[in-house]
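Can you build the whole structure from these sequences, using the hints too?
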Amino acid sequence: MAAFEELVARHRDKIYARAYSMMRNEEEAVDLSQEAWVKAWQRLRQFQGDSSFGTWMTRIVINLCLDQLRKHKRQRTESIEAMSEESGGVERQMPVVTTNPTAGLERSELRQRIDRALGLLSHEHRTVLVLHEFEELEYKEIAKVMGCSIGTVMSRLFYARRKMAALLSDVKKENWK
Amino acid sequence: MIEYQKQLLVQSYLDGELPQAQAHEVAEWLARDNEAMGLLNELRQTRAAVTGFEEALPLPESREFYWSKIQRQIEREEAPGASAPRVPWHARLRRFLVPVTGVALAALLFLVGNRENSSGPPDTTTETALEDSGAFTYHDSSAGVTLVWLSYPADEVADNDDSLD
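Protein sequences, first through last, are from chains A and B. Mapping of the first sequence onto the working numbering: position 32 corresponds to residue 32, and the numbering continues sequentially without gaps. Mapping of the second sequence onto the working numbering: position 123 corresponds to residue 123, and the numbering continues sequentially without gaps.
What the hints contain is simulated information worked out from the structure, not anything from laboratory work. Among these hints, one or two may not hold up.
[As the list claims (entries may be wrong)] Computed cross-link-like contacts, BS3-like style, restricted to lysine-lysine with a CA-CA straight-line distance of at most 25 Å:
| # | chain 1 | residue 1 | chain 2 | residue 2 |
| --- | --- | --- | --- | --- |
| 1 | A | K140 | B | K6 |
| 2 | B | K69 | A | K71 |
| 3 | A | K14 | B | K6 |
| 4 | A | K71 | A | K14 |
[What the hints assert, rightly or not] To give a feel for the contact side, a few chain A residues facing chain B, derived at Cβ under 7 Å:
| # | residue |
| --- | --- |
| 5 | L7 |
| 6 | R10 |
| 7 | D13 |
| 8 | S21 |
| 9 | M94 |
| 10 | F134 |
| 11 | M154 |
| 12 | F158 |
| 13 | R161 |
Owing to the predicted nature of the structure, the values given are computational and were not obtained by experimental measurement. Positions of the beta carbon are idealized from the N, C-alpha and C atoms, including for glycine.
Here it is in structure tokens:
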């Protein structure tokens with residue numbers, strides 16, 4: 001158990017960060033990351049070493065977060081974001097942000113802006129972004145995990161990135177309504 | 001304005017999702033088209049900004065407090081007599097009914113087989129007694145033999161796998 005505690009100490013920030021990126025809720029992220037560690041303990045014998053321990057752990061926490069998000073989705077009505085996506089989102093018509101939206105920003109300010117922008121994405125868009133940018137999964141892998149088509153993954157990722165770019169460069173919110 | 005499919009093509013190029021030949025074509029197009037190049041740069045900068053973000057997100061609890069909750073949960077679940085995961089009533093009913101139904105069907109087949117054995121031509125059959133039950137019967141009329149295979153439990157509870165597959 002002491003060795004496992006050491007593993008938790010070594011990877012806990014990353015596992016929590018992944019949960020938080022997906023859930024956008026500190027308490028839920030802490031709970032899910034702890035649940036992931038309990039699951040990992042129970043399945044430690046199944047860890048084959050094909051991937052690193054960190055990768056194995058992040059996949060456990062991602063699956064837990066996806067389950068939780070599906071529960072949330074069943075409980076809420078369809079979001080405005082999803083409707084926008086289906087009706088042909090504004091991301092297609094948005095002017096290109098020509099200057100680097102993050103240039104000249106202090107790290108803390110940048111973090112705040114990204115944090116805020118991520119929070120404005122729907123679960124679906126944020127999840128695609130997290131799985132692609134943080135987990136470095138390919139389109140087809142994301143499609144499999146999320147149970148959607150590759151085309152949907154591409155359009156969600158495109159929407160998420162364009163919205164992030166606009167938000168980071170202080171494009172007026174009216175453009176997104 | 002670049003059409004939507006081409007916008008997605010720019011993104012696929014950035015993410016290395018295009019086959020080599022197509023990637024080469026897109027690279028040539030990007031070199032000629034400033035608007036497309038602008039979009040590529042925007043997507044690239046956004047990706048770079050987001051990718052580096054997660055590193056600076058520390059856990060808001062102390063090591064000891066965080067670990068203590070995990071440890072308690074592990075110990076609770078490993079304690080003797082810890083309750084097994086609750087199985088829904090319909091799943092429990094199904095677990096009970098499937099083997100019982102299989103046995104009943106096997107017995108029925110056995111009786112029918114014995115009756116046919118006295119008059120019908122020699123015959124052997126193998127069949128599934130109940131779909132998805134895991135029960136099979138093998139009947140040989142000439143020898144007057146009926147064998148029944150029952151696999152139990154018939155249905156495994158799907159494990160919430162930790163892989164992303």
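We went through each hint and held it up to the structure:
Between A/K140 and B/K6 the CA atoms are separated by roughly 19 Å; this keeps the pair inside 25 Å, and the hint holds. A threshold of 25 Å between alpha carbons decides the hint, and for B/K69 with A/K71 the separation of about 24 Å falls inside it, so the pair holds. Between A/K14 and B/K6 the alpha-carbon distance is near 36 Å, which puts this suggested pair outside the 25 Å criterion. Restraint check: the Cα-Cα separation between A/K71 and A/K14 comes to about 24 Å, which is no more than 25 Å; the hinted pair holds.
The closest approach between the C-beta of A/L7 and any C-beta of chain B is roughly 11 Å, which is over the 7 Å cut-off, so the hint fails. The interface hint given for A/R10 is broken, as the beta carbon of that residue sits about 11 Å from the closest beta carbon of chain B, more than 7 Å. A cut of 7 Å between beta carbons decides the hint on A/D13: the least distance to chain B is about 5 Å, and the hint holds. Checking A/S21 against chain B by beta carbon gives a least distance of about 6 Å; that is within 7 Å, so the hint holds.
Because the closest C-beta pair between A/M94 and chain B is about 9 Å apart, greater than 7 Å, the hint is violated. Hint on A/F134 holds. Least Cβ distance to chain B is approximately 5 Å, under the 7 Å limit. For A/M154, the suggested interface contact is upheld, since its CB lies about 5 Å from the closest CB of chain B, less than 7 Å. Of the supplied interface hints, the one on A/F158 holds, with its beta-carbon coming within about 5 Å of a beta-carbon of chain B, less than 7 Å.
The interface hint given for A/R161 is met, as the beta carbon of that residue sits about 5 Å from the closest beta carbon of chain B, less than 7 Å.
Hint compliance for this structure: hints 3, 5, 6 and 9 are not met, and every other hint is.
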